[in-house]
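Engineer: For this one, chain A is given, so just place chain B on it according to the hints.
Protein chains in written order, with the working numbering: chain A, 1 to 446; chain B, 1 to 446.
Be aware that a few hints might be false.
It does not matter which identical chain is used: a pair holds within one copy or between any two.
Subject to a maximum C-alpha distance of 16 angstroms in a straight line, what follows is the list of computed EDC-like cross-link-like pairs (lysine to aspartate or glutamate) [unchecked claim]:
| no. | residue 1 | residue 2 |
| --- | --- | --- |
| 1 | 360 | 411 |
| 2 | 156 | 384 |
| 3 | 369 | 384 |
| 4 | 373 | 384 |
| 5 | 347 | 180 |
| 6 | 320 | 385 |
| 7 | 287 | 214 |
| 8 | 287 | 213 |
| 9 | 221 | 325 |
| 10 | 322 | 384 |
These are computed hints drawn from the structure, not numbers from a lab.
Number of protein chains: 2
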Amino acid sequence: MASSSEVIADTNNNNNNVTFWQRFVAKMVGVMLQLKKPAQDDPRRLIHSFKVALSITTVSAFYFVKYLFVCFDKNPMWIIITVILVSEFSVGATLAKCFNRGLATVLASALGLGCYYLVDSIMGGHIVGSVFLGTLIFVIVATMTYMRFVPQIKAKYDYGFLVFILTFCIVSLPSYRDEDLLDIAKRRVITIFTGVLMWILVSIIVYPIWAGEDLHNLVSKNLQKLGDSIQGFGDECFGTSEGEGSNKSNLQAYKSVLNSKQIEESLANFARWEPCHGPFRYGHPWKQYLKIGILLRQCACLIDSLTGFLDSTKTPSEIKNKVQETCIQISKETGKSLKELSVSIQKTIPPCAANPSIQKSKIVAMNLKSILKSGLWEGTNLFEDIPIMTVTYLLLDVVSCTQKIAESVHELSVQAKFKNKDSKVAPNYPNSPPHDLGVHHVITIN
Amino acid sequence: MASSSEVIADTNNNNNNVTFWQRFVAKMVGVMLQLKKPAQDDPRRLIHSFKVALSITTVSAFYFVKYLFVCFDKNPMWIIITVILVSEFSVGATLAKCFNRGLATVLASALGLGCYYLVDSIMGGHIVGSVFLGTLIFVIVATMTYMRFVPQIKAKYDYGFLVFILTFCIVSLPSYRDEDLLDIAKRRVITIFTGVLMWILVSIIVYPIWAGEDLHNLVSKNLQKLGDSIQGFGDECFGTSEGEGSNKSNLQAYKSVLNSKQIEESLANFARWEPCHGPFRYGHPWKQYLKIGILLRQCACLIDSLTGFLDSTKTPSEIKNKVQETCIQISKETGKSLKELSVSIQKTIPPCAANPSIQKSKIVAMNLKSILKSGLWEGTNLFEDIPIMTVTYLLLDVVSCTQKIAESVHELSVQAKFKNKDSKVAPNYPNSPPHDLGVHHVITIN
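Just chain A, same shape as in the assembly (with noise of 0.2 angstroms):
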């Protein structure tokens, strides 16, 4: 008995070691498949590790080379953690860190500096000059530690705030120890400028990759996105069901825009950092695109609140046959303008394409409005039509929003200077300006 069930023990212990193993394995496969994701989603980010590790690799030669290792007092450890550290993604959020790290450093330095003579010159014995530097250090940290809770600091300076605290430390605290007060501070600020300046140069001659273009691509893109859901959303609630596949991942393309504000902001913050490159120049209107931005979550919110009546609509009625030509026609005109505006932003030029669509929405509108106006309801089951006739009201709230997204578009159109590259799109109003179009001749629905 004994023995049968150390056997079985045995066996258990054998099954558990193989699950373990296969565990293992299958946790490592999946792994190295989500490691693949990255880079297929944005080849920028194999590039970027390149960058960083042969710039890491660069200053490494303030080691392997002597003349470079003495010049830096045999100690250039600090260039290196510096470059690793201020290694941001973007050109933008690189120089906001750098920024941050080298103001803080001069700063903290320099105060440094000042309490060292003042403890030196004041205080004599070495009691009284600790209490007197621990007691600054208190102020200090407390102080600058509750500053980042500021949001304006929080927002842009809270890693120059980190920053300072160290640096102020690292200068005023060997003091103590009577190491080279001045030569410390010296040593920090160069080694520091040193690597802050390698990795600006890297990330700036190397394959630049500008937070400005990403703010510019990623609203585009949301503008393609809300497109595609609302041509979706008509599709699937009235439409007919070839390609439901590809409709379905369509209709729901819209959640990711509805968490899209932190993401903006921190670009946004990032882009006014950059100086010119591609099209944009000093001083674009970074601003205009966070407006668009709340205009397109807005447009989320009501093509989510659509989706939630895609079930109680599902079944035909009297009333679903005579508003859905028109309801089809809306979300198909709608989509294609939202998705002509994603293109002229992606091309920089103005959104002139984009407006027969616009009117066309505005007539079809006019239509459904028109239809819900005629006595289109006598004698049908009321309660039971709720749904679509709900339907049919926020679909018109989605045209008006995607009219005041053209307009919002044309503003940054007008701020930016977008230009007609190509002479065959010409503009459809040759006689006008081009900051009238889509401004006078809305027609305001509600």
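Structural biologist: What follows is chain B alone, placed relative to chain A:
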């Protein structure tokens, strides 16, 4: 002429100076006022600042006390740097960061040591050695930087990977210059562990700030906000105008719920690191809070769509008069039940107390449906009444969303084993076990 223009220029200059200084002073006053706000919003921020200052001043003792200074080979700076870098606001965030920093330091030090012995034993010459070490650094930095883009790693181990790169460079590079590698690695591990231990102790012992508690309170507060918003909407759309000012601000309360995803996820991420505290045992169902959060955002999206109809439902109409009473009741009862759910989470008691309101709101919703089903619309101007019909329909959606939220909160109370502390608040169903509540009694709408 020349002198008069000089005078003008001078005056202009003076004016400019005055404006500059006035602007400067105004700006400074503004900044001072903004400095008060973080502490007013959350007084724990002030406490956190003092905690950080206290622990950094304490570790300064490694410089002030000669015995301690000698103990750490006259270089205790990394203890201070570590405390500054890991001093996060909540215990969970601290433990997550300390785990990352500690593990990465040990692993990278070990790898650095391995590389050193490889370079030292196999490669003899300086040039071959430097090429080998350079290649190794390139490969490791590129791999680690790339891996930080994997979403799962970015969410939990981003800081660990950064510290790994940093430590590997700090340990492996000086070895090339014949410094004592083992000593560097040992010193780095000891200093970092001392710093980490220091902050963990202060963080847990001196007025601990728990991410879990924050998540718990955030979800409870968001429930409260949605309750306020839906009641505010009912008053604004259908109700009396008394106390309109306060209702307006109530109505907007839901907006912050829409953007709460990121903060909830990071708090849940940190909460898992925290030991038992207050009513939260080890293994508290933090993920359930995220599920409730998703439902809350759905509900907020519905309220957002509802507020879009405020303007178009202002004019009184026959239909509005007929549904007015019921709609006010729905918004009142739904708001009340959301607030009662909020209280039940806040007090960690089972959400029995919320059931009466939910039952009432269900009954009122049925009433509304029967009103809608009756021949209410005969002979009215249907087109103008579409908005009010849409509003009633969306309100029914809010009721069913509230039911889902109630079920989810109930599930949380079962998983977290909430108990009735107050004997006066007896469960409504004394003969059935608590996990039967709200699950089998749901009357689904739609």
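Engineer: Determine for every hint whether it applies to the structure shown.
Structural biologist: Hint check results:
1. In this assembly of identical chains, the alpha carbons of residue 360 and residue 411 never lie at most 16 angstroms apart, being 21 angstroms within a copy and 50 angstroms across copies at closest.
2. Taking the closest pair of Cα atoms, residue 156 and residue 384 never come within 16 angstroms of each other, the shortest separation being 53 angstroms inside a single copy and 49 angstroms across copies.
3. In the homo-oligomer, the alpha carbons of residue 369 and residue 384 lie at most 16 angstroms apart only across protomers (10 angstroms), although the nearest pairing inside one protomer, at 20 angstroms, exceeds that limit.
4. Taking CA atoms no more than 16 angstroms apart as the test, residue 373 paired with residue 384 passes between copies only; the shortest distance there is 8 angstroms, against 19 angstroms inside one copy.
5. In this assembly of identical chains, residue 347 and residue 180 lie within 16 angstroms of each other by CA distance neither inside one copy nor across copies; the values are 58 angstroms within and 58 angstroms between.
6. Taking identical chains as interchangeable, the C-alpha atoms of residue 320 and residue 385 lie at most 16 angstroms apart only when both belong to the same chain, with a minimum of 8 angstroms there against 18 angstroms between chains.
7. With identical chains, the CA atoms of residue 287 and residue 214 are at most 16 angstroms apart within one copy only, with a shortest distance of 14 angstroms there and 32 angstroms across copies.
8. Proximity of residue 287 to residue 213 under the C-alpha cut-off of 16 angstroms is restricted to the intra-copy arrangement: shortest distance 14 angstroms within a copy versus 36 angstroms between copies.
9. Taking the shortest Cα distances, residue 221 and residue 325 never come within 16 angstroms of each other, neither inside one copy (28 angstroms) nor across copies (45 angstroms).
10. In this assembly of identical chains, residue 322 and residue 384 lie within 16 angstroms of each other by CA distance solely inside one copy; the values are 15 angstroms within and 19 angstroms between copies.
The structure fails hints 1, 2, 5, 9 (numbered hints given earlier, in ascending order).
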